[in-house]
Amino acid sequence: MRPWRSIRRLIVALCAWTLSSCAPSGFQDASLVTSVRILASSADEPYARPGDTVNLTVLADDGRATPDGGAPLAPMTVYWLPFVCENPPNDAYFACFRQIAGGGSSRGADGGGGAAADGGGGFAGGDGGSIMAGVDLTPFLPTGSTYRFTMPADAVASHPVATGVPVPYGLAILFNVACAGHIEIVPLDPANANPQQVPIACFDANHNQVGPDDWVFGFTRVYAYADVTNANPAVSSIDIQGQPFAITGASPAYATQTFNTPRCAGSCPKVAIGPVVPAASQEVQSQLGPGDQPKEEIWADFFATFGKFDDDARLLYDSTRGSLGGPSVTDNKFTAPTTPGDGAIWIVVHDNRGGASWVTVPVHVM
Amino acid sequence: MGVTSLALASPARAQAPNLPPNQEAAPPVVTMPSVRKNGGAAYPKQALDEGIDSLVEVALFLDIDVNGTVTKAVVEKPAGHGFDEAAVAAARALEFEPATRDGRPVAARIRFVYRFAPPPAALSGRVVTLAGDRPVAGASVVVRDAAGQERPATTAADGRWRLEGLPAGAYHVTIRATGMAPREADESVKPGEEATAIDRLAPEKAAEPAPAAAAPAEVVEEVEVRGEKPPREVTKFELDVGEISRIPGTNGDALRSLQNLPGVARAPGLAGILLVRGSAPQDTQIFVDGTPVPIVYHFGGLSSVVPTEMLSRIDFFPGNFSTQYGRAMGGIVDVGLADPKGDKLHVMAEADLIDTRAIVQGPLFDTGWTFALAGRRSWFDVWLGPVLQGLSAGTSVAPVYYDYQAIVERQFNTRESVRFAFFGSDDRVDILLKSPSASEPELSGFGDHTGFWRTQALYRNRISDRTELRVVGAFGEDYVNFNGGTLFSLNVTDWPISSRVEVAQKLDKRLTMNVGLDLLYEPYTVSVVAPPPPKPGQPPPGPFSAQPSRATNSSGAIFQPAMYTEWEATPWAGTRIIPGIRLDYTRDTGAWDLSPRIVVRQDIAHNPRTTLKAGIGLFTQPPQPQETNAVFGTPGLSSNRAYQYDVGVEHEFTSQIDASFEGFYKQLDNLVETGLGSTGSGLVYGAETLIRYKPDRHFFGWLAYTLSRSVRREAPGMPLELFEFDETHVLTVLGSYKLGHGWRLGGRYRLTSGYMTTPQTYGFYDENIGTYVPLQAYPPNGTRLPLFHSLDLRVDKSWKVKWGTLSVYLDVLNVYNSGNAAGTSYDYNYTHASQVNDLPILPSLGLKAEM
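As you go down the protein sequences, you meet chains S and P in turn. Reading the first sequence from the start, the letters are residues 1 to 366 in my numbering. Reading the second sequence from the start, the letters are residues 1 to 851 in my numbering.
Be aware that one or more of the hints could be misleading.
[To be verified] Residues from chain S that face chain P, not an exhaustive set, calculated with beta carbons under 8 Å:
# : residue
1 : Phe27
2 : Ser41
3 : Asp91
4 : Ala95
5 : Asn192
6 : Gln196
7 : Phe219
8 : Arg221
[To be verified] Label pairs and their in silico Cβ distance ranges:
#  : chain 1 : residue 1 : chain 2 : residue 2 : range
9  : S       : His207    : P       : Asn481    : 53 to 61 Å
10 : S       : Pro89     : P       : Pro843    : 39 to 47 Å
11 : S       : Pro290    : P       : Gln667    : 47 to 55 Å
12 : S       : Leu73     : P       : Pro541    : 32 to 40 Å
[Claimed, not checked] Every beta carbon over 10 Å from chain P, so not counted as near; a handful from chain S, in silico:
#  : residue
13 : Gly51
14 : Gly69
15 : Ala71
16 : Asn194
17 : Pro195
18 : Asp204
19 : Ala205
20 : Pro244
21 : Gly341
22 : Asp342
23 : His350
In short, the hints are calculated from the structure, not lab data. We put the beta carbon where it would ideally sit given N, CA and C, even for glycine.
When you get a sec, could you build the whole thing from the sequences and use the hints?
This is how it looks when you write it as structure tokens:
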């Protein structure tokens, strides 16, 4: 039966992916933050009603180390592109790039913090305007860790009806950039058919584009539903070695005390650490419509400024079993660095519907 | 051997006999030692290797004790060349009834002579038609030695003949068959050797009738694994298969030799697929005696599903093939299972680092039937797993494969035969993650279990000199069971029933018609357990499957009948024109596909021969079952289509060296594209050459080179892109040299273009799921990995022993451990890349015994 040869190609690809772990790749773990990073973003309404005001918060960190004797590094700034990309074709984020290259749209952009936060005009001063390459966009871009926008009133109505979608929805995509420098437009090459052409980039004071360690171009999706809601998963505490570690605040949250741990010397004990997420956080995926409605998947991403985690992510709840068994099962393992110092651990909890929240844990290595 | 004199040892006497004074002592009654047990002595191999092939006598003096045991053996006059040692060793094993004196056993010394007669040789062969390689039954074979003594033989229904018990030496072979020009050739054979030849008979005269047994005619692009078809092909080996089983880097696997032919691209290291002239793997069909089978190689591509020793032929058509084959746009591989040997029982066993196999064949008592049983099993799961664990690898791979063949055959007469065969293959691999990623705990590894079996009946009848009938039918099962832990599984099972009826009818001296029916009926079931793709209205699922896996089942049946006809016309000498047409029906799509084809061959020179050839044809391939399935497929599909144009020339420089050069061009359309329908199109074009040194006493080898380009377009208006399996350059140079004294050394060098790849670089961060999204180079598959190059070496050493032949070989793949790129792996944000390498140096040590 001829499908065998197609299936064999799939099997070979999967086996090759698996066998690539036969020998260590030498790559740095994704959980170690040693560059400019955006770790997560959270909307107070991951599912917003048309016309609602949505507040976004981003978790970013500059993990770069100043080179010994070198010049001070340019500070990192989080910029927001002050426009809402509404219902791009096929819900593809890159379909918004031509809007960015053309100056963006003012729809629903209210901005938030920062000098250019006032909305209404977008960074191009209006619909359809365009900015030349080489122009520092800093005066036009909101900055800071928060941003606010209004979900367009016609977000759901204007979204093309997709086959098999049980509940009508709309989509707003917002873009932000963590940049150790300033933002400039990068003109799209009309001869290049690559739909992923990036329309902006981060440049240093000499108008040289910076490298991957110095900037991140991020995006987040906020869905619009008339009647379906989604709450961010809640983190009630942090579990460390089976003991609760209190936190304060909510999305973002902070540990109330510093986590002290000995450095790795000789034997390197692993510390179990993980979030405690109450079962009530696992909502039903009602956007799937009546009938089969599994519960959410909830997982945690782990980041740290030093040391090493056994895993980059841990599953906390899945759609069939619910809780996987509590901290004793879901906790990650952290190995402290060999040198003492101070740093931080971030635990970001996601649900599969765009909800997110996080906890920052200060760490002191003795 | 014989005893020629006797010297007895006198027994010690304590005192003289006490006889009456008037009596004299009677003379003693003495008997000679008589042989009670004689294991014989084999003609020493050293003598054969040194070219000694005459009768040799070695005389020894043997001391025999009172028990009849030989206590000492001394050569009277050394003969050298290993005879003395052989005689002494054989003599020591002799057992005698001891000499007696007056009835009492006594020790004795005798002169004993061994006469070494060289082992008999054998001549055998197969007589086929020049056009189409059809067996010629009932041909007269006369073998005449230097003294003029003649020995006759007659070819069987499969064209084979054999004469054994021949003294070593030179022979003149004459082959005659009705309606065909006689063939004569000289052969020489050494003691213990069997010289085998394939003789191709041409029609008697240009004005004489076309070949008696017309066939699906010779096609332009037919390439036999043993190379181009010369007028006469001679192979001389000591009970082994010959050149194709000794190609370095193939571990003695004949079907892997296909990978060294022009038109065949290098497949990814573990894929085990055939890539023929820029085609997708699923575009090439594989047959066993006309029965379609799903795979040709075991998982990993290191071994084929039928061992070399069970094959009688491998026909490989890289394109523009006969109308007897359809449902394919790429190439055709049609292998023939060997008829079981009927002379006596034969046993072969072989083992190497990868697998072990055994074959038993011979006459089935006195029933007139012959049988063959063969089996093979891999066992590198035994040593590979511990090796990986020793390397603290993150995975342990436990691949296991086996294949089996059972054949019974009856030759009713020289014209009619029937054969029943049962054969199959099974592959299983389990990739177990030592530490399942917490990112997807349900993915504890992967398991793949694929296999097939067939029960086949083959009937051949040369009804008359003008009519030949061939019927083959088979049923069986194909299965694929793939799982990704508890997260995902795919189970596909089908039960193909296939049959093919062919009638070859000579209508005229210059015209032969072939008509056939080709039926395929294949019920199947499919079961898929997988998380459903995320529906619109939510982000991508991130590192975990966002919804529970769901089972989806479907079943159906493929029905694809076809009929075809092909006409072979030889209007004048050296010209052959073969038009044909094939009609296929595909029930799933309701499509009727008519495929006309024509091939022309014209000899423009003789001695040496130069032939021009050309072909044009339409080839259709129905969509795959999963593409038309009501649950998984797309409605409204039509058959994939390819127009093929070929032109080429063949030339024989000498009796040993020939070459071929061919250009090819394929237009593809109606290609099925996932999610789009029959919207794809493409082009394949290129040229290939094969320069070959045919096997002689010491050496064989060839150079194959292909230059090609293969492009595809997903739908009208979309850009033309390089096909993912495009390989611009494919160069293979190989050779094998017989050093003598049982030693053989071979090498193979390959240089090919790298695979296509789509580089990825630092892109964007998806904050909803916490992962980086790479910036993909455009267009896809627009960058080529570095050139692939590899040297493989093989060393063989064989010994002729009393019961047969023993061989040891070392086959080393990638001798200098070239780190050829097979792909790229990236870090979490695509800022760093690491090359994933193809197979490293891979030695395989093997041992083979044949009797």
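Check: What hints, given by number in increasing order, does this structure fail?
Finding: Violated hints: 4, 10, 16, 17 and 23; rest satisfied.
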